[in-house]
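Each chain, written out:
Protein chains: 4
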Amino acid sequence: MIIILKNSATKDEIAKLEDGLKAAGLNTNLIVGAQQSIIGLIGDTSRIDLDGLYAQECVESVTRIQEPFKKSNRKMHPANTLITVGNCVIGDGSLNVIAGPCSVESEEQLFETARAVKSAGATMLRGGAFKPRTSPYAFQGLEKEGLRLLSAAKKETGLPIVTEIMAAADLDLFEDVDIIQVGARNMQNFDLLKVLGTINKPILLKRGLSATIEELLMSAEYIMSGGNNEVIFCERGIRTFETMTRNTMDVSAIPLLKQKSHLPVCVDPSHAAGIISLIEPLSLAAVVTGADALEIEVHCNPKKALSDGGQQLRPDNFEKVMEKIKTMCGFLNKDFGRQI
Amino acid sequence: MIIILKNSATKDEIAKLEDGLKAAGLNTNLIVGAQQSIIGLIGDTSRIDLDGLYAQECVESVTRIQEPFKKSNRKMHPANTLITVGNCVIGDGSLNVIAGPCSVESEEQLFETARAVKSAGATMLRGGAFKPRTSPYAFQGLEKEGLRLLSAAKKETGLPIVTEIMAAADLDLFEDVDIIQVGARNMQNFDLLKVLGTINKPILLKRGLSATIEELLMSAEYIMSGGNNEVIFCERGIRTFETMTRNTMDVSAIPLLKQKSHLPVCVDPSHAAGIISLIEPLSLAAVVTGADALEIEVHCNPKKALSDGGQQLRPDNFEKVMEKIKTMCGFLNKDFGRQI
Amino acid sequence: MIIILKNSATKDEIAKLEDGLKAAGLNTNLIVGAQQSIIGLIGDTSRIDLDGLYAQECVESVTRIQEPFKKSNRKMHPANTLITVGNCVIGDGSLNVIAGPCSVESEEQLFETARAVKSAGATMLRGGAFKPRTSPYAFQGLEKEGLRLLSAAKKETGLPIVTEIMAAADLDLFEDVDIIQVGARNMQNFDLLKVLGTINKPILLKRGLSATIEELLMSAEYIMSGGNNEVIFCERGIRTFETMTRNTMDVSAIPLLKQKSHLPVCVDPSHAAGIISLIEPLSLAAVVTGADALEIEVHCNPKKALSDGGQQLRPDNFEKVMEKIKTMCGFLNKDFGRQI
Amino acid sequence: MIIILKNSATKDEIAKLEDGLKAAGLNTNLIVGAQQSIIGLIGDTSRIDLDGLYAQECVESVTRIQEPFKKSNRKMHPANTLITVGNCVIGDGSLNVIAGPCSVESEEQLFETARAVKSAGATMLRGGAFKPRTSPYAFQGLEKEGLRLLSAAKKETGLPIVTEIMAAADLDLFEDVDIIQVGARNMQNFDLLKVLGTINKPILLKRGLSATIEELLMSAEYIMSGGNNEVIFCERGIRTFETMTRNTMDVSAIPLLKQKSHLPVCVDPSHAAGIISLIEPLSLAAVVTGADALEIEVHCNPKKALSDGGQQLRPDNFEKVMEKIKTMCGFLNKDFGRQI
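Chains as they are written, first to last, in my numbering: chain E, 1 to 340; chain C, 1 to 340; chain W, 1 to 340; chain B, 1 to 340.
Hints listed in this document are in silico derivations from the structure and should not be mistaken for laboratory results.
Since the structure is predicted, the reported quantities are computational estimates derived from the model, not experimental observations.
Nothing false has been slipped in among the hints.
A pair counts as met if it fits within one copy or between any two copies, since identical chains are not told apart.
27 Å max Cα-Cα, derived DSS-like pairs, lysine-lysine:
1) 324 x 303
2) 75 x 303
3) 71 x 6
4) 16 x 75
Take the sequences, apply the hints, and build the full model.
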């Protein structure tokens, strides 16, 4: 950690600051510059509060050198984390595709879509039972009944299921769920993350609309520091000034997350753009930049969808996109939906 | 609502779409343009799902004309909502100042700060017991004990207390709290908002880091649709590309929220910039643009603060800022901290 | 175009507005809604000034239906525009790679780099003679001498040359340049665009740091409306809140530009992230989403580069990236650097 | 300047790097940390190229400590720069108001508006002769004739005139102009800035849509390094995700620019929000946070305006806004439009 001192810092102030830091068990190195002086700190600075340092009168700014994420950091854990879900493995270099409707709407809708995505090659089934909607007047999901239908669809198709949790209080209902999703709006709902850190199930952690990559890593850290090491990142587009797409997919986040962390990376091309015709190109971009999984919204009849109708693929279109994805995986020697 | 049709839309497709809309109880008006046609809809379109419309093949785009927020809309409720807290009223044109430490750290720290802010004219006391921190390794607040200390400080000073809730499960602990704060990261934690809609206490709703003004209004709508009409908005800066300030205070949001809604508006100049020297100018900017309240972080000894040390005012500086604010209120004929 | 009227609009005001619009040669369609009324306009509305309409008291808002770009619009010109440069064609489905140093620094540096990129398969040579630098104290380029060296390198290697213009006054110096680049900071330097519209040379138009895709299309429109139809878009990353990368590459812009326009699309992975290890994945993402060209910074000795040292590839690394790109082109049946 | 070294940096690499830096005349201080080492540099590092350092294999990152702007830096020049224009002084603590139409449209329109703004107390007249418009099909300004009309209006009213330059080639036409404005889209048109650095006239430098405050300071540096020290900053809103306003006025930029620099700060509330009803509150916010000038668009008949009709005030409304501004200046003991 480096502390940059103000021009106006007196010798006395600097000495006091150094004393305090030494008392906290750190070695200090004062460099007196022509115009400005700095203190370099050696030792474990992870528990030092930046804000406290900023409040010292002689301090101009503080720069952390070490990355603040640890358990999710590849430097600490060089090998990829592998997450086994049913017969699938996420993170071993293979590609998994999680597909299904935005919302679970009815048994008929869910089962028809589930069979269709399975037949097209999807390895897991998604479907929203609890839906985060901007308006309280919009469809909020079938909730408990939605989870029951997902379980039934899992039994019928054999596909592991992925669905979103919105409140820690609902956790008991998620026993049969294979991967619990945390939505973008809850990425920094730290109380929820802490609870999810105590369970024994993989968490699909979606990047917040305006969350930095470092903040995404820190949210994984919340879950992992509770003991649950099975976190999958999900890039789903960030909020920018561009309005032609619903969000801006940050394609650079995919290779960067793979470099910085040992955890798997999923990409959601449906929300990233909100435009059906972009799902195929964005899926391919995700695969070639190193994604371990894709999450794609498919609806057996998008025209009648109760949410996100405009960005859900029809099964026939999904099949075409899947053909392209599988061929690309073949070219890249990337196992597609490898079963163990 | 206006539906813009694709160039390629056939008469047949358009007729089918119109039939569906009429079946939903709406009047349709087809306008055939030289290059593009549109359908204008008359009737209550608030329950129509935009996404479903987007999934129709003949639809290019859909534009809502009516604002989606209702209970918070000034058009529906022209008079200002007044919120009584202890002897203070928020929303009647007067100014309230909520002040106190970022985090409650100890009895001594809280009491000393509480007495200081009261003597400088603050009308309410703030202090964080549950702290949303980016890192799981940072100080997370005194939690239950923090709330107990706030209650004690309230008894001692007579100041109503304002503190943040992070999980619905903690609600019982907030009985003695006068205003419950929802933090920026939880502005779209819809399950928490729904629970807060069922209680009988004012909610200070902070704007999310990347939330639009319309989304902030919709989050108030969640609380109000549950029956709790006492919502106070809080502008605290949004996330932009600028890095010299911690956030970018959206000063335009203050008069816009007052125009669009009848609910009171609070401004948090401490988080908006994260720079002590900007607290005074941003507070004055908030007052002259119509804010009903300010929330300012003050710490009796910022150098030892366990969080946000760099943006908390010392009591003596807070007093100077308060002098400026009071004088400005006098000039504007705005009651300062009027007691009923 | 649709005009949404205020609730308070009187019959009289509406009638006057309709008269004015009819006088301008447009057909108007008034739809009287339960809560709000609208006017649909039929006819050529491209010359109507939105701002003027907003100033009418009875108008709440105005929505354009037709896209404001014409000459660059694929609807008006469905076939791809092919741009021939030397023996290369850009826009015919093949891939071209433009490579070379950020800045031309010396004959030795340029020639060594030029030979290296040619041998690795680059089809064109880039190099900055006039450099837009944030600081006036930074190296500003060799200017005229840089252009002379580029010409010499072109003669020696046979590679067409691409370089940036910063001022219309320098245009005479660009006679031997094959593609003139307009930098991101000049994307809305409309006077420069107008001048470039009058010449007979392809223009590589870089997207501005905060330019929307529609604004990029409109800037092409400036050049094309002057008579020069040879415009190549260049996505090079936009400015967002993320700080881990220099910019955020908007990968969705690639397929969207191809859908909306008939003009070719180039991608600059060097500036998009500013991180060497991301050049390969971002290049592949660009190719699979439909890019017609890549522009990559290569320097024979990046450690001694006078600008952008940290994002320029060494020739040996460039060769490896090119191998990957060529193999991917082979898989996609995309001609690599096809010569006519 | 601080250089953070990679974990993998060898002693040899570090020694070589230190040698290179010493050869460049700098003193180096190596701090060997538990996990990471750094080099602190002492001496004039302003000419060191960050990019070159990034290209060294052993370097992880580089942090500048000194601010890169010099001539505009208050540290180098503590006293406010005063700019005299006609009988007005900008920067001495008084307030000037520059008002007039977005575009000069006709003699009648300009003269009527000029007389109206003068009578309401404006101290300078603005009007666009060269107009930067997103679309080439929109009204581009009266150009040379517009400048002639501005001169005539100056003679008639005695008000100094402010108007935008779009190309260095037009400079000769601006002889009678009192303040030359550089538009937001040209803030980093470095060639234009360099030319304006050689003349002897104040420059009103508008902040770019996505320019940081530091970049704005660096653009002033371009002008000042050419010898022209009379630069006035203009905050006019930045581009963010919010769509309810045209731009987001960065009110914090006003006090920050005053702290960091000795140059005067102007605020343009018309473009900052693009909403007429916000001009008054944003003007007051600008005044209380320390602005030296306001630039407000006024049109004698906004309904017929050829550009920006929706954000230009009518003279009667401008008069009301001016009353508020003058009263506020009175309260703040800020001279309003002081004449020397």
